[in-house]
Amino acid sequence: MGFFSFEPVQLPPEAEALRQEVRAFLDAEMASRTPLDRSWSWMGRDKDFTAKLGRQGWIGMTWPKQYGGHERSFIERYVLLEELLAAGAPVGAHWVADRQSGPLLLNFGTEEQRQFFLPKIAAGELSFCIGMSEPDSGSDLAATRTKAEKVDGGWKVNGTKVWTSGAHTADYMIALFRTDSEDKHGGLTQFLVDTKTPGLTISPIINLAGVHHFNQCVFDDVFVPDNRMVGTVGGGWKQVTAELAFERSGPERYLNCIQLVLEILKIASRRDDPVLTEEVGRLTTHVMTLRRMSLSVAGKLQRGENPALEASVVKDVGGVFEQSIPDIAQRLIEEEPTLGPGSDFQNVLALLTQEAPSFSLRGGTREILRGIIARGLGLR
Amino acid sequence: MSELRNILTDSVNGLFGDRVGRELLTAFDRTGDDGGLWAEVEAQGLTRPLVSEENGGVGGEWRDAHVLAYAAGYHAAPVPLVETMLATWLAEKAGLPVPEGVATVIDGRGSVSIVGDGPTATLSGMAARVPWARKATDAVIIADGPGGPKIGLVHLQDAIRIDANENVAKEPRDDVVLDATPVKVMPLPNDLPADGVLLYGAMLRAAQLAGALEKVLSQAVQYANERTQFGRPIGKFQAIQQELARMSGEVAASGVISEAPFEALDEGREAEWLIAAAKARASEAAGIACSVGHQTHGAIGFTYEHSLHFSTRRLWSWRSEFGGQRYWWQRLGQRATARGADQFWPDITG
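First to last, the protein sequences are chains A and B.
Here the first sequence stands for residues 22 to 401, numbered as in the numbering used here.
Here the second sequence stands for residues 656 to 1005, numbered as in the numbering used here.
Careful, some of the hints might be misleading.
[What the hints assert, rightly or not] Subject to a maximum C-alpha distance of 30 Å in a straight line, what follows is the list of computed BS3-like cross-link-like pairs (lysine-lysine):
1) Lys259/A - Lys839/B
2) Lys259/A - Lys287/A
3) Lys891/B - Lys748/B
4) Lys205/A - Lys839/B
5) Lys168/A - Lys205/A
6) Lys205/A - Lys177/A
Simulated from the structure, these hints should not be mistaken for laboratory data.
All values reported here derive from a predicted model rather than from experimental measurement.
Starting from the given sequences, assemble the full structure and let the hints guide the process.
This is the structure:
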């Protein structure tokens, strides 16, 4: 009975103790941040804040101590992440490195790569971006064309990556390049590219809200040394699949609009409007449910199980939920969205309404996730 | 999982899996007869998991009750299993005699009054849509009495009348007319709220909903893999895959949240808000799942001949019972707005 397995997770006392520690830290660090500031959350980059988290030991928490990690459990890490996101902390500068680049290097990196990169990531000193998508390769990752050719002492890269979030502030890119044009899936390899390498031109792609978040990255004879290849030649597809499971598994997949939920709640608390009260209740049931689902995925990581299928379910259900919130807010509360002078509600609504379309695009489109789920159901 | 839970899981799914099918459910629809199923449920000792061994139960945990309620929902078992589980637990908890056989529950607040106290206490009023009343020997009732709400045990043969009614799954939902009907009364235990029947009833219905949702999903997936159109199984079409994937998310969500209050009760934690979330979330999912389930099955699923409706008619009934979405949303919303935005997240993480 049941296509998926979402086992309940018991939070150990050390995780609850950590939660209180994180809350006290955030109360102090976040006091001056407005609801609009907080709405950026993991899209917001603040290197000072990231460095502070590094000093707290809250980046690379689960990694071995020999690489600068803290050997805490995935459950403790989950509690940290959900507290950071619920408070809208600006965690974008280390989010990708902590979530997927570090684990990728732990799984597939060389000893030299681990020793070089992981302690700096854990200290909050190194920022990463992910070079996967290309002009002709979005959901269809196997259509990757950017080519890495073997040359003396390394690889010569030519091609273009797009939608590369944060490339303009990142120190390194973990990029997927084609190393064999004959073998569609087996001809892909991952590399660590220093974003300051000559020949790599990073230019902004401005999003619909006028925000510089993602980039176009053009590689023109970019040299990547041999010791910056990750894993095996041709192993990129398999490695990326494992990496995407991490990318899809966290609480950021349902908490993007939490600040708007809170603004709706504040207005509902001031007005005696049964329609608003009812909607607050409904949103609460969804948050309670998604949190349990998401926590259960963290339990899978902790037990060393593959969370790919359940993570896709959480991201799909979570994405539908968070994407619905700006529309619900607009329907129930007669205040026009604006990023200019206005109420917190108006500001948060304006930002999140414009960000919401991306929630079901990045990290795997809704259609791709549902394809993965359909496979899990035995339909493909 | 405990050994007891494994045994219960195997027995209940074995029994319902073998016995509850189209034949039995069709007969139940026509005549209300369960084909001897209840007797087998009793014979296997599944009817009072929450009652102590001294009173003929198995002294199980709430999560054992979840296994049974979920299975009853999954298999669409046409027996008053959750009502009997709840009534026997309430009776023992309140120090009332634990009923034998089929028992049900009545939330009598606002409709039935307890008159007098002690051995001469009686009930008057009409309790509407009592589940399985005509089949039950006894009912456990919480109603207003002198000095506040009390809990009582009433022999339903002492009722003035039981007017038969039903839900759309043809399960009895009867009106029970009481007038100076004798009742054994006890004070409400401290840790049992006056809306205990509603609350625990909602929790058990939510578990049944989650089970029935899983069944509709599994039927829809199976059908999509079998039914061929345009030269291939319809499940190979992305349009079908995308919808079934969406539905599976709703089903998964309901399954996850439906377990939460049972777990909380076993651990001695507050369950009220988890019950509200479970009942509302599963009820909301029911509409989507029935829609996608039927759409996938096409016209055949809309016939009486096909068995899909045994589950979907139950989903359409159960989502309204013991409080529908609106009721539980309001209740959760009132709490959240009263506690304010600063408490929202701490309340979620409990």
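These are the hints, each one checked on the structure:
{"no.": "1", "hint": "Lys259/A - Lys839/B", "verdict": "violated (68 Å)"}
{"no.": "2", "hint": "Lys259/A - Lys287/A", "verdict": "violated (46 Å)"}
{"no.": "3", "hint": "Lys891/B - Lys748/B", "verdict": "violated (53 Å)"}
{"no.": "4", "hint": "Lys205/A - Lys839/B", "verdict": "violated (76 Å)"}
{"no.": "5", "hint": "Lys168/A - Lys205/A", "verdict": "holds (13 Å)"}
{"no.": "6", "hint": "Lys205/A - Lys177/A", "verdict": "holds (20 Å)"}
Hint compliance for this structure: hints 1, 2, 3, 4 are not met, and every other hint is.
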